[in-house]
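Colleague: Mapping of the sequence shown onto my numbering: residues 1 to 478, in sequence order.
Any given hint could be a false lead.
Per label pair, the in silico range of CB-to-CB distance [what the hints assert, rightly or not]:
{"#": "1", "residue 1": "His134", "residue 2": "Leu252", "range": "48 to 54 Å"}
{"#": "2", "residue 1": "Thr120", "residue 2": "Asp157", "range": "48 to 54 Å"}
{"#": "3", "residue 1": "Arg428", "residue 2": "Pro319", "range": "54 to 60 Å"}
{"#": "4", "residue 1": "Asp248", "residue 2": "Pro429", "range": "52 to 58 Å"}
{"#": "5", "residue 1": "Ser35", "residue 2": "Asp248", "range": "47 to 53 Å"}
{"#": "6", "residue 1": "Gly441", "residue 2": "Asp157", "range": "26 to 32 Å"}
{"#": "7", "residue 1": "Ala146", "residue 2": "Arg176", "range": "22 to 28 Å"}
{"#": "8", "residue 1": "Asp427", "residue 2": "Gly406", "range": "44 to 50 Å"}
Hints listed in this document are in silico derivations from the structure and should not be mistaken for laboratory results.
Please read all numbers here as calculations on a predicted model, not as lab measurements.
Every residue gets a Cβ at the ideal spot worked out from N, C-alpha and C, and that includes glycine.
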Amino acid sequence: MSPAAPGGETRFATARQVADAVLFEGYVLYPYRASAAKNRLRWQFGVLVPPAWAPAHEEHSFQRTELLMEPRGAANLALELRFLHAQRRTVQRAEVDGSFTATDELHLEDRVLVPWDEGTEERVVHEIPVAELHGEGLVLPFSRPAREDTEEVVDADGRTVGRLVRRTERVSGLVRLRTTELDGPYRVLRLTAVVENTSPWAPDGERDAREAALPRSLVAAHLLLGLDAGSFLSLTDPPEWAEAAVADCVNLRTWPVLAGDGGRADVVLSSPIILEDHPAIAPESAGAMYDALEIDEILTLRTAVLTDQEKREARGTDPRAAAVIDLAESMPPEVLERLHGAVRALREVTGEGPAEAGELPPEIRELPPEEAVFRPDSPWWDPARPDALDPVPDRITIDGVAVGVGSRVLLRPGLRPTDAQDLFLRDRPALVEAVLHDVDGGVHLAVTVEGDPGADIRREQGRFLYFQPDEVSPLEDA
């Protein structure tokens with residue numbers, strides 16, 4: 001057994017990008033200030049607390065990963081346990097006599113420093129021959145010592161105005177590894193990996209709240225597992241012969257998925273957040289936003305419009321929050337444009353690849369040319385239009401016929417990628433309920449389908465079906 005896994009550095013490179021997102025999931029939430037209510041209750045994902053704290057507070061001191069693997073020959077298992085170690089940061093103000101006094105705020109020109117719990121990344125790395133895990137398996141203990149660090153704070157003129165004191169408590173734990181060979185024609189092993197917090201700290205009665213347990217906890221704990229020869233089996237899409245064995249795997253407070261580079265099955269990420277096999281960071285993402293599954297575009301726009309004072313508070317909360325502020329302020333328009341949406345692929349619902357052209361209706365084999373899409377010469381709200389003060393027209397011309405409220409049309413969806421349910425309405429007559437214009441100059445027809453027993457309810461609630469003018473054909477008005 002080796003305490004270092006040089007091969008794992010390369011093998012885990014792709015999976016570690018996703019693991020970083022797991023590690024810092026919800027680390028600091030928008031508006032990225034310590035004073036925000038949502039940032040006062042933290043560390044929600046994969047927290048393994050000291051055993052003495054867990055039972056009485058409905059939290060847990062261990063997590064269990066179980067999955068199947070097919071090692072080849074004298075295979076080695078690379079293991080990397082990653083977690084955040086919470087360290088308490090206090091702020092002290094410098095006094096004229098050279099002493100320091102604790103304070104809730106220390107104002108600098110570009111930031112406001114406040115007390116805060118930072119998270120330092122910890123790694124426990126091993127490489128173990130698979131043969132050593134059979135039977136009783138192995139127990140791999142680890143610990144991180146308590147420590148105290150001091151950072152001097154200076155102002156723009158270089159004068160010492162205070163200091164930050166960071167205190168980290170001792171934390172200890174272990175990883176239990178064991179394999180069991182399954183009966184059958186193939187050499188398949190069930191790998192069980194248990195991560196435990198073994199810190200001896202115990203709460204001092206009711207006075208110790210969760211904040212006292214967190215510095216002794218493993219926060220956002222997750223595992224990276226890799227084989228240098230062989231592969232793992234997917235828990236979500238196993239081969240048919242392995243389905244029963246996969247169903248018997250017990251995973252507690254963690255979820256293992258395949259995470260190998262290029263779709264390979266030699267790496268697994270076992271995280272406290274449910275993921276799909278081969279998760280990946282979207283290439284459009286310009287940087288980490290740390291805000292628990294929120295959308296990068298929304299966060300970037302919201303962050304950019306924070307007041308200067310709010311940005312100073314965010315920069316003083318945490319270096320990662322400061323990086324988000326800098327990212328939002330410096331993001332070029334073309335990078336922001338990329339965040340607006342992306343189509344990864346067009347394929348059958350089976351996911352088995354593109355369908356044969358003959359299996360699709362002729363109208364949706366390819367996108368229509370730009371000139372086929374109905375658009376006015378200029379949007380209705382454009383002040384440069386000669387008729388800018390005129391009311392929005394309630395009738396439009398389609399195929400030479402004026403269509404408006406009360407007109408009958410034949411639905412012809414499929415000229416562009418559209419809602420699959422709309423295709424069921426193809427060649428159905430409908431009644432136009434409204435003609436709507438959006439700020440981009442597009443026109444949409446709100447319709448109800450003739451014969452729909454719920455048409456009256458749709459009218460009462462204003463919940464219509466919407467089609468663009470080139471997706472309908474005029475019918476003779478009733």
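Colleague: That 44 to 50 Å hint for Asp427 and Gly406 (C-beta), does it hold up?
Modeller: violated, 21 Å
Colleague: Given the hint of 47 to 53 Å, is the C-beta distance from Ser35 to Asp248 inside that range or not?
Modeller: Holds, since Ser35 and Asp248 (Cβ atoms, about 49 Å apart) stay within the stated range.
Colleague: Quick one: are Gly441 and Asp157 within 26 to 32 Å, going by C-beta?
Modeller: violated, 55 Å
Colleague: Regarding Ala146 and Arg176, is the given constraint of 22 to 28 Å on their beta-carbon distance met?
Modeller: holds, 25 Å
Colleague: Given the hint of 48 to 54 Å, check if His134 and Leu252 actually sit that far apart at their C-beta atoms.
Modeller: Since His134 and Leu252 have Cβ atoms about 22 Å apart, the given range 48 to 54 Å is violated.
Colleague: Given the hint of 52 to 58 Å, is the C-beta distance from Asp248 to Pro429 inside that range or not?
Modeller: holds, 55 Å
Colleague: Just tell me: holds or violated, for the beta carbon distance of Arg428 and Pro319 against 54 to 60 Å?
Modeller: holds, 58 Å
Colleague: Hint says 48 to 54 Å; check whether the CB-CB distance for Thr120 and Asp157 agrees.
Modeller: violated, 31 Å
The structure does not agree with the numbered hints 1, 2, 6, 8 stated previously, though it agrees with the rest.
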